[in-house]
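Sequence lines, in order, name chains A and B. When we follow this note's numbering, the leftmost residue of the first sequence carries the number 1, and every step to the right adds one. When we follow this note's numbering, the leftmost residue of the second sequence carries the number 1, and every step to the right adds one.
No lab work stands behind these hints, which were simulated from the structure alone. Predicted model, so just to flag it, every value in this text is computed and none were measured. Accuracy of the hints is not assured; some may be wrong.
With the C-beta cut set under 7 Å, the calculated list includes, among others, these residues of chain A facing chain B [to be verified]:
{"no.": "1", "residue": "Asp129"}
{"no.": "2", "residue": "Gln130"}
{"no.": "3", "residue": "Ala133"}
{"no.": "4", "residue": "Leu137"}
{"no.": "5", "residue": "Thr139"}
{"no.": "6", "residue": "Thr237"}
{"no.": "7", "residue": "Thr238"}
{"no.": "8", "residue": "Asp251"}
{"no.": "9", "residue": "Thr255"}
Note that beta-carbon positions come from the ideal geometry of N, C-alpha and C, so glycine has one too.
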Amino acid sequence: MDLLLNPVAAIGRAVLGACRTVGAVALFALEGVSHLLRPPFYGRLFLRHLAEIAYFSLPVVALTAVFTGMVLALQSYTGFARFNAEGAVANVVVLSITRELGPVLAGLMVAGRIGAAFAAEIGTMRVTDQIDALTTLSTNPMKYLVAPRLLAGVVALPFLVVVADILGVMGGWLIGTTKLGFGSAGYLKATFDFLEVMDVVSGLVKAAVFGFVITLMGCWCGYQSKGGAQGVGAATTTAVVSASILILALDYVLTEMFFAR
Amino acid sequence: MTAQRPKIRLRGLSKAFGEKKVLDGVDLDIRAGHGMVILGGSGSGKSVTIKCILGLITPDAGSIEVDGQDVLAMSRREREALADRIGMLFQNGALFDSLPVWENVCFKLLAQKRITRAKARDKAAEVLAQVGLAASVGDLSPAELSGGMQKRVGLARAIAAEPDIIFFDEPTTGLDPIMGAVIDGLIVDVVKRLGATAVSITHDMASARRIGDDAAMLHKGRIVWTGPAATLGETGNAMVDQFARGDREGPIQMELRR
Ligand SMILES: Nc1ncnc2c1ncn2[C@@H]1O[C@H](COP(=O)(O)OP(=O)(O)O)[C@@H](O)[C@H]1O
Ligand SMILES: [Mg+2]
């Protein structure tokens with residue numbers, strides 16, 4: 001009987017633990033957001049994190065977008081040539097980039113950079129008592145450390161995705177015109193003829209959500225870390241992995257919300 | 001000691017982390033305007049005790065009163081107001097390494113909007129001078145400082161907002177004896193100047209006698225002795241005397257693996 005029940009109990013425990021964690025993260029997020037509505041505000045910190053996320057992620061996101069656009073053009077051309085539908089290449093490139101690949105790839109790149117950096121920085125502050133020190137220095141650590149980072153993430157990611165959208169389309173255009181024999185004006189016309197506002201807007205909404213998730217997981221994992229350098233390392237890994245998985249899962253949910261009829 | 005209301009009164013303070021009972025009914029009175037030294041072995045819960053008073057750890061049971069007011073029953077706003085009057089020197093300094101020294105020192109004054117950023121550098125220089133550091137140290141980052149300098153910057157940060165209760169968590173641990181004596185001297189000076197109540201944690205008997213009026217010994221989650229700090233070493237309490245002399249034999253058994 002015990003043998004039979006043990007796995008069930010283990011599953012039950014795991015599910016309960018997961019629910020507790022989800023609840024705790026949600027409360028943490030709510031508290032962080034609530035501090036954005038009440039003074040004092042840390043504008044200087046917000047700008048610093050904004051630069052850290054938006055400006056310093058530009059090279060990585062730009063390279064990712066260009067190459068993705070180029071590969072998309074090549075692949076869709078080979079595929080569509082089998083159906084004599086080569087004309088759809090520009091269309092496929094722009095839709096894939098704006099709706100999906102721009103936000104998801106930018107999100108994953110930023111999760112690697114920023115999720116890790118935030119978790120390490122806040123985790124180090126946790127294990128060296130700096131977060132406790134903030135409290136004794138008349139400063140709310142949620143307000144000082146978490147709120148500006150969350151806001152910076154939500155603002156920075158859509159900006160990065162606009163850049164990724166433009167460069168991704170340029171990557172496709174580059175291959176389309178140099179290798180696949182499209183005319184430059186014709187390729188661009190095909191790109192914009194089929195593009196709808198919703199394609200771009202949905203991508204930007206996704207980006208804002210991903211920006212929130214990335215910074216939230218970075219802050220949360222850092223905040224919870226304990227046990228010295230090893231604990232901070234573990235927090236960093238968890239932040240990146242959980243943010244990446246959440247990005248892919250939420251991408252599905254958001255796509256469903258935007259486009260399911 | 002009994003006539004006056006204590007500045008801080010702990011009763012039955014208990015805290016366990018998982019299975020491990022760290023505090024098991026701590027009772028302690030701390031006199032206003034005096035120095036209290038808390039002694040005890042590593043891991044005996046000294047830091048946990050003062051983190052409870054600071055509101056950084058919520059105890060499982062017991063009461064904490066500051067100026068006769070129950071801290072645990074306070075609203076968030078009242079607690080913040082209390083925190084505004086308390087200074088803390090952390091065991092490992094806990095300086096913010098993303099900020100230069102001058103911003104560390106004036107952090108609380110800036111947070112409370114008691115000075116502007118433009119004036120903070122001069123104020124930092126003034127406070128740094130009180131702990132024997134040159135104004136130029138203000139522009140360094142905490143990572144560039146030696147251990148002794150970090151302690152002094154931590155001390156400057158703890159006193160900059162002129163608190164009326166100050167906690168010192170092992171202020172001299174890890175310093176050479178001369179620097180330890182210097183830090184003790186600084187602590188005695190600032191506490192006297194501010195008229196503050198000081199609560200210090202230390203393992204160092206010389207230091208305890210220098211900065212303490214009263215002393216208390218924490219062992220196995222309880223206060224096992226309190227008395228004047230001057231008598232440490234010849235208190236007549238076997239445990240305290242063993243601890244003060246650093247004897248291997250005595251009532252305190254180190255919990256080594258058997
Ligand atoms: N936040 C915490 N979580 C779990 N255990 C803790 C925590 N803080 C302290 N402890 C444990 O409580 C005990 C007492 O710690 P502490 O008060 O720091 O000792 P010390 O007397 O040396 O200052 C230690 O065994 C430590 O492992
Ligand atoms: Mg300690």
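Checked hints:
1. Interface hint at Asp129(A): satisfied, since its Cβ lies 4 Å from the closest Cβ of chain B, which is below the 7 Å cut-off.
2. Taking 7 Å as the C-beta contact cut-off toward chain B, the hint placing Gln130(A) at the interface holds, the least distance being around 5 Å.
3. This hint holds: Ala133(A) has a C-beta 4 Å from the nearest C-beta of chain B, less than the 7 Å allowed.
4. The restraint placing Leu137(A) at the interface with chain B holds, with a minimum CB-CB distance near 4 Å, inside the 7 Å limit.
5. For Thr139(A), the shortest C-beta to C-beta distance to chain B is roughly 5 Å, which falls under 7 Å, so the interface hint holds.
6. A distance limit of 7 Å between C-beta atoms decides the matter here; for Thr237(A) the minimum to chain B is near 22 Å, and the interface restraint is violated.
7. Interface hint status for Thr238(A): violated, as the beta-carbon distance to the closest one in chain B is roughly 21 Å, over 7 Å.
8. Interface restraint check: Asp251(A) against chain B, minimum CB-CB distance 33 Å, threshold 7 Å, status violated.
9. The criterion of a C-beta within 7 Å of any C-beta in chain B is not met by Thr255(A), whose closest approach is roughly 38 Å, and the hint is violated.
Checked against the numbered hints given earlier, the structure breaks hints 6, 7, 8 and 9 and satisfies all the rest.
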